[in-house]
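For the protein sequence lines, the chains are H and L, in the order given. Under the numbering used here, the first residue of the first sequence carries the number 1, and numbering increases by one thereafter. Under the numbering used here, the first residue of the second sequence carries the number 1001, and numbering increases by one thereafter.
These aren't lab readings, by the way, just hints derived from the structure by calculation. Please note that the accuracy of each hint is not assured.
From the structure, some residues in chain L lie toward chain H, with a derived Cβ separation under 8 angstroms [stated by the list, open to error]:
| hint | residue |
| --- | --- |
| 1 | Leu-1003 |
| 2 | His-1004 |
| 3 | Gly-1017 |
| 4 | Arg-1050 |
| 5 | Val-1074 |
| 6 | Leu-1094 |
| 7 | Asp-1095 |
Partner residues are not named here, just some residues of chain L that face chain H (Cβ under 7 angstroms, in silico) [unchecked claim]:
| hint | residue |
| --- | --- |
| 8 | Met-1001 |
| 9 | Leu-1009 |
| 10 | Ile-1028 |
| 11 | Leu-1032 |
| 12 | Ile-1034 |
| 13 | Asn-1039 |
| 14 | Val-1055 |
| 15 | Val-1059 |
| 16 | Ile-1065 |
| 17 | Val-1069 |
| 18 | Ile-1080 |
| 19 | Met-1081 |
| 20 | Ile-1082 |
| 21 | Arg-1086 |
| 22 | Val-1089 |
| 23 | Ala-1091 |
Given the structure is predicted, the values throughout are model-derived calculations rather than measurements. Note that CB positions come from ideal geometry on N, CA and C, so glycine has one too.
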Amino acid sequence: MTGEALGFWAVAVVLLAASLGVVLSRNLFHAVLYLTAFLVATAVEFLLLHSAFLFAVQLLLYAGGVVTIVVFAIMLTERLVGETLTQTNRYIVNGAVVSAAVFVAILGFLLRVPGDEAPPGPVPDTTAAVGLALLGPFALSLILLAVLLVAALMGALYFARADD
Amino acid sequence: MPLHAYLVLAALVFVIGLFGVLTRRNAIGILLGIELMLNAVNINLVAFSRFSGDVAGIVFALFTIAITVAEVAVGLAIVIMIFRVRRTVEADHLDLLRG
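Construct the complete structure from the given sequences, taking the supplied hints into account.
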């Protein structure tokens, strides 16, 4: 077994265990901690796919930013309620059946296309290529993304403003 | 690892996230499930980019990440807003629009 395969399976196990923890743990705060583990594992998965730039973005934006915001939201709602947010799942059987059906459907599509060959040789430097693509063919999308982020910021400010 | 390994892994994470969205009662828990689903899509995009040698997949994943972060910020602001008004974040209790 090559080093890449070994890394893939190790990360895959962590990834699946953490994602199960996110959806099944009863304490919402623990769910967020599992989400952090899941996001870091996803970042390592990006690294295994030779995408060092996305690895850094994932760690900074997700494991750093999103988790902080979610913890803030939990703390706010928990403090106001005055009790720990334990949470139970409902419709577990129905949810499991629907999820399994979707998985089988995706698998049906996947197994019909060829995808057994090994990846091509390592790409020289994806980070530089991403930079060139962002400022070349995707420049307009990048600007639209900036507009979207400003809109999201103002939307969040509007929703979270103090009542006055 | 072949492409199928990454795609099956991403599909598994996606359906686990779907299960979370369907079964969680808490609005924040539902948002966490959506996070799982979006990250599964990112794994797919990066895997396709790696196996096709086209950098567009990584750029799309980057856009997805940025949009997801904006979505989480607005979503949690809405959750906190709802909590202020209704004193609950249980999705079942948020039935103002029920006829």
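Q) Which of the listed hints are broken here? A) Those not satisfied are hints 6, 7, 12, 20, 21 and 23.
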